[in-house]
Amino acid sequence: MPLLEVSDVSKTFPGVRALDQVSFTLNPGEVHALVGENGAGKSTLIKVITGVYQPDDGELRYQGEPARFGTPMDAQHAGISTIYQEVNLIPLMSVSHNLFLGREPRNRLGLLDEGRMHREARAILAGYGVTADIRLPLGTLALGAQQMVALARAVMIDAKVVIMDEPTSSLEPREVETLFGVIRELHARGIGIVYVSHRLDELYRICDAVTILRDGRVVHTGRLADLERIRLVALMLGREMSEIRREGATAFSSEKAVDTGAAPILRASGLTSRRKLHDITFDVRPGEVVGLGGLLGAGRSETIKAIGGAYPLDDGDVQVDGVDLKRPTTVQAVRNGIAVQPEDRKAEGIVAGLSVRENIALAVLPKVSRLGLVSDARIDAIVERYMTRLRIKASSPDQLVGDLSGGNQQKVLLARLLATGPKVLLLDEPTRGIDVGAKAEVQSLIDELAAEGIGVVLVSSDAEELIEGADRVVVLRDGVVVGTLTGASVTTEDLMATIAAAAPPEEAE
Amino acid sequence: MTTATLTLTTRDLRAWLPKYGVYLAIVLLVLYNIFFTPYFLTWSNLRIQLIQVAPVVIVALGMALVIGTEGIDLSVGSVMALAAALIPLYLGYGVAAAVLVSLLAGVAVGLINGVLVARVGLQPIVATLALFVGGRGLAVVISGGQLKDVRNPDLIRLGSGDLLGIPILVWVAAVLVLVVAFVVRRTVFGRRLLAIGGNRRATELAGLPVKRVLITVYVICSVLASIAGLLSVARIQSSDASAVGLLIELSAITAVVVGGTPLTGGRVRVLGTVAGALLMQLVIATMIKHNLPPSTTEIAQAVIILVAVYVARERKAR
Amino acid sequence: KSEDSGSDGTGAPASAAAQVAQSAAPGAATCTIDQYGGTKIDLKTAKVGFSQSEKEANPFRIAETQSIKDEAAKLGITQLTTTNANSQFNKQISDVEQMIDSGVQLLVIAPLNSDGWDSVFAKASAKKIPIVTIDRKINATACKDYLTFIGSDFAEQGKRAADEMAKAMGNKGKVAILLGAPGNNVTTLRTSGFKDEIGKVAPDIKIVFEQTGNFAREDGQKVTEQLLQSNPDINGIYGENDEMALGAITALKGAGKKAGDVKVVSIDGTKGAVQAIVDGWANAVIESNPRFGPLSFATAQKFFGGEPVGQDIIIQDRQYDSSNAKADLGSAY
Amino acid sequence: MSTEVARETPAAAVEDARRAERTDRIVGTIQRQGALAVLIVVVVISLIAFPNFRSFDNTATILVAAAPPMLIALGMTFVIITGGIDLSVGSLYVLGGVLAAWASQYGFAAAFAAPLVVCGLIGVVNGALIAYTRMAPFIVTLAALLGARGLMRAISDEGSETYLVKNDAFKQLGNGSFLGIGYQVWLAAVLVVLGMVLLSRTRFGHSVYAVGGSEDAAALMGVPVRRIKVGVYVMSGLLAGLAGAINAAKLGSGVTVLGTGMELDAIAAVVIGGTLLTGGAGTIAGTVAGVLLLGVIQNLINQVGNVNSNWQQVISGAFLALVVVAQTYLVKLRRVN
Ligand SMILES: Nc1ncnc2c1ncn2[C@@H]1O[C@H](COP(=O)(O)OP(=O)(O)OP(=O)(O)O)[C@@H](O)[C@H]1O
Ligand SMILES: Nc1ncnc2c1ncn2[C@@H]1O[C@H](COP(=O)(O)OP(=O)(O)OP(=O)(O)O)[C@@H](O)[C@H]1O
Ligand SMILES: [Mg+2]
Ligand SMILES: [Mg+2]
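Residue numbers (my numbering), protein chains in the order written: chain X, 1 to 509; chain Y, 1 to 318; chain L, 1 to 333; chain S, 1 to 337.
What the hints contain is simulated information worked out from the structure, not anything from laboratory work. Quick caveat, the model's predicted, so the values are computed rather than measured. Watch out, some of these pointers could steer you wrong.
Straight line, CA to CA, 25 Å or less: simulated DSS-like cross-link-like pairs of lysine-lysine [what the hints assert, rightly or not]: (1) 271/L / 258/L; (2) 144/L / 167/L; (3) 166/S / 144/L; (4) 74/L / 44/L; (5) 69/L / 47/L; (6) 326/X / 211/Y; (7) 346/X / 211/Y; (8) 144/L / 127/L; (9) 211/Y / 367/X; (10) 69/L / 128/L; (11) 166/S / 123/L; (12) 127/L / 167/L; (13) 367/X / 423/X.
Required output: the full structure, derived from the provided sequences and hints.
Printed below as a string of structure tokens:
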């Protein structure tokens, strides 16, 4: 008997038909992949199942019984636990409180038993490779560690169904392995798992069945093993297989010529910030893509933010195209051609409440205005140009960015950066959580930009992407440069080796 | 307008009401008054209502900008008091000087608020609470606790004179409304302000001068407040630091929110704000004209605020 | 440099026009130190506490506090503590309690409210500290809870205002009342006094409108503007204090009325109001004399000296009208 | 500094991180108890400077005066931690007092029941509107501020009718004392302790933090967000009503001219206590310190004596700014490390 049955469910949001007659079946002990482009409706389906949204019509059967959950809590009590897309925990609360929220251990007075809670939390999280102080606010952990806490929380309760919406988007290889270990174990215990991810290689490693969504409709469902990778992509994107075949795993062009003699366009020297960064030095030549490698918490984001003036530096200085900015403010950085794409798109990237138009023009307002008065004509010109160049899918330039799918939000963000005519582009996880189609486009865009002579710094926890995209990889560990991979040695193996080599006696937090 | 509402399907209404609910409310209230309030449909009555609402509108404009950045400014009343207290002291040097000084007071307060919010990073409510408490005290100290009569003809003309048959006060307010509306819609500053309200962190990372913009916003708000302050002095023909602008921060915030500007920032509705102020003014006027006791007035205000804001509230699937 | 450098409003000397107690009716209740309890002390060396209710931000309060301080200085009372409740009743209560704790031997209180003094009385009577309440009466028993009340009879003020109004309006027409702050005892009494008297002396005068002006000039003006709109045929305006009346006058001017078109009577006796009589805009002003210093301390001295003092010392409030306004302008505050 | 750092190895970096974490904790505690620290300093100074301040009676007076604000600030703390705000408490306080005084004629229990029921209901309305219609707490409670005051005027003949407390037991509660400390102080103390337990040791309390920390996340984690919100506004309403009641007991009557600006005092106290207006963090201990601090400052200004009432305001304002700014810097210090 199927564990979970969704039949002919539809859900419409103002403007969008997010789910259209979707049916979906999950059997015990099955790892079921749910794939589709950004905006295909994956998260919405999950939220309908777990009672975050109520379906417009269609029905839900759980363990054979018709079910409809009013709130996520009901779903949890029924044994469906979920890791939602984008870590959904509470940054200001301590790690252990996050882990136990809603099911804290209580003593006979009915009061919370803090001591026990901390002990158990420490024990549980150790199993997931999280050794951080569990009394600290969750927000002080690296995203990866946060993701692990979310995972632990979801698995803690003896659930019958575990749903994971893009759990690996902010994990690095080692953590991914931990995750897969957990999944195999759940699998063995006959627990049904719904697994959403844009990383196809993962799917093929871990999933039995697959359901493909496109524009809110199910276009295919069946055993994953029977489905060729290229066919899968074709179905997701609704394109011909012949088109797809031409593209490799990533869309980076293999052959590239960087003038190694040219003067560096970006030079970061001795970047130091208490705790996070220690004397980080590297430079980028025009047209070069320099990757920042390292594990989560290595300080890649901090490095990038620091160069962009968004992270406090105690020491060090930044030069762009020969101009010495010392420790720039964000304003100076942008003015001098540094463009930063932050890691956390929602919190630090887009302005969700503004239109695509406003978002793209945001950083160049002075350029498109005379005497402080903005000229719509000029804005439209710019918006027009980048929307076409980056193939941004929006109903109109005036659509709110908040309503776009992840991939398109990312493109809007890139458009804003490019509009400033940057000399240096700092990209932190540029393809995190965006679908294969958009991912390919972003990757080839990075190539194009480099070809135009822009210096690019690329951070990605997707090793494949990092290796294929970068001409040179600077490896960080605990905020220290521990090595640089060049030419032939730019390979996953060498990367892992370099990191491992630098490993201190015991694990860093 | 009413006929239009009749032909609307409920679906359209859902989209339409949040935007134009305030105006509808005004229309309804006006209709009521036309039928049940003697001498309502007279030019002189309209004139009075406009004159009385002018200061609130001016303050509300600044408040709307601040709220657009996801902030709030409680100190506007105290700023009015400061402006009022300073005028008589400098009137001897002529109106221009007095006006200038009181505007400068506004700038000063605005700078303090702005710096506290933008640089020190205080919560706007708290940052402005300090001057809300201290500012009026200071104003009364400056004025020596004395209510001072103002006899300067120029200033009095500013308060009660006409231009083309319309009170100068109203002209000033109208011009300021247009200016602010223009600033919000067409200027770089306006766009930046909204972006900050929408997502401050992102705006910083995009390389916008967030702190500068924020400080400017609070300065503008205080300056507008001080303008309102000196206008009410001109109108009352006396400067009473202890009474001018008492509780106006609440009226202003109400006007802004009732006008459909969300307290969560990122959006500013200037004309809506004017309408909001007008609505509350009409409510009070109606209550007074019908000689109703304070209890009724207050309860009625409460209900109307709730209804107006409920109608204009954000509908999100989330 | 202020507009009118030199002749600045800040107060004729508080000694000017000191209060005079009405000759108490024979057999009116009195109180002696034996009845009240406590010990005879010399006021000069005594610790005296004065609790003011509202900010010194209007002529009445300024003059009142000033008069207390000046008189204390005159008598050579060195240990005078003053507190101000900024119109917050709870603060006034704790202000007074704090002064009792600090061991004052005489309390002069200008109450913000007539009720709610139980806790203070409990504390004070335990230490037998005489309390002189000024300008507002406290609803409690004199010579037991407190020593005595010195002040005006607010109802009487309203009554006299009514007489003046009736006279000015020729006993007929429509009158509007600008009420003081709602819930305030002064408001209540000045209203009832006025209404009752109008009912008696001039039944043909209709009270068509009463709205609060919160004792403030701006509100007085705003309300009057609305009033003149809805009742253009109004003949008289009774302001429960001068400030509101002055606001009303500004509104009248704004509405294009001439001096005397609408009769204005108000209570307090501030300079501005008396000046308005001189200018012909106001018809009469009933005084409410704020200079409590001399009478309060005189009473206290008598009390500590063992002599009986009245339990209810009502002061004589003068009144200004066209006949005496110009002459007595100096004694207004 | 830079040269030394340059030579640092990962191991040293870890050690450095350790050290930094330790300073973190210390600064953290100072930051959390900042208000308490300031309070202690102020008290010590005044003990030395003002003989009258030392007296036991004076302390008792301060505490008694602080009891009602304490209750209000207690409720406000819960509301603010959920990221909300309650402007209606001032009006509810007066309303509660009037109701209590009026109901006291029907006995001791009634004197409590009346204000608690009415103010509780208004709290329910606030909470329901905020939780279910997503209207801004600021504006909802602002309307409640007006409405409640209107109601108070309606039942007290526009505020001119002051009901006297008829019930002696009730009066006794207002003026009696145990160990020389007024009953209402003990009551407040008990409720504060209960509040602390509720906030830090129960699921409700943790849910309150969760809602303030991130409403959406909390909902996804199965926290009954709406019920929690309604809960805190009801608490705030009840406590404001109770505060009004015990104050009426003390004054022996339902005074109608109270409570203006009370909500702002409460907010100030809570913020001084280190609670974030953005929600998600805050302690009741801090709030207690905040309330006492404001009370003590008031008392000091009187001790100094003859300070012009207008200067008093200036001083309070400046002081408020001072404390809050100081606190923000402590927090920042913590972040940057
Ligand atoms: N709360 C909402 N309000 C309005 N539209 C929404 C809402 N949530 C999702 N949508 C729309 O519904 C569609 C499906 O969104 P959903 O988040 O399910 O896509 P997804 O498959 O999860 O994409 P991604 O891979 O980027 O997570 C999208 O067009 C999105 O814009
Ligand atoms: N102490 C901290 N306080 C707040 N945020 C932190 C802290 N440490 C790490 N983070 C955030 O967690 C995320 C990952 O940690 P960090 O940036 O240090 O590692 P990283 O090398 O950038 O990893 P990645 O960029 O792959 O997430 C970053 O967004 C960082 O800003
Ligand atoms: Mg999704
Ligand atoms: Mg990072």
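So, going through the hints one by one against the coordinates:
{"no.": "1", "hint": "271/L / 258/L", "in the structure": "holds (21 Å)"}
{"no.": "2", "hint": "144/L / 167/L", "in the structure": "violated (42 Å)"}
{"no.": "3", "hint": "166/S / 144/L", "in the structure": "holds (20 Å)"}
{"no.": "4", "hint": "74/L / 44/L", "in the structure": "holds (10 Å)"}
{"no.": "5", "hint": "69/L / 47/L", "in the structure": "holds (13 Å)"}
{"no.": "6", "hint": "326/X / 211/Y", "in the structure": "holds (21 Å)"}
{"no.": "7", "hint": "346/X / 211/Y", "in the structure": "holds (21 Å)"}
{"no.": "8", "hint": "144/L / 127/L", "in the structure": "holds (12 Å)"}
{"no.": "9", "hint": "211/Y / 367/X", "in the structure": "holds (20 Å)"}
{"no.": "10", "hint": "69/L / 128/L", "in the structure": "holds (24 Å)"}
{"no.": "11", "hint": "166/S / 123/L", "in the structure": "holds (20 Å)"}
{"no.": "12", "hint": "127/L / 167/L", "in the structure": "violated (51 Å)"}
{"no.": "13", "hint": "367/X / 423/X", "in the structure": "holds (17 Å)"}
Checked against the numbered hints given earlier, the structure breaks hints 2 and 12 and satisfies all the rest.
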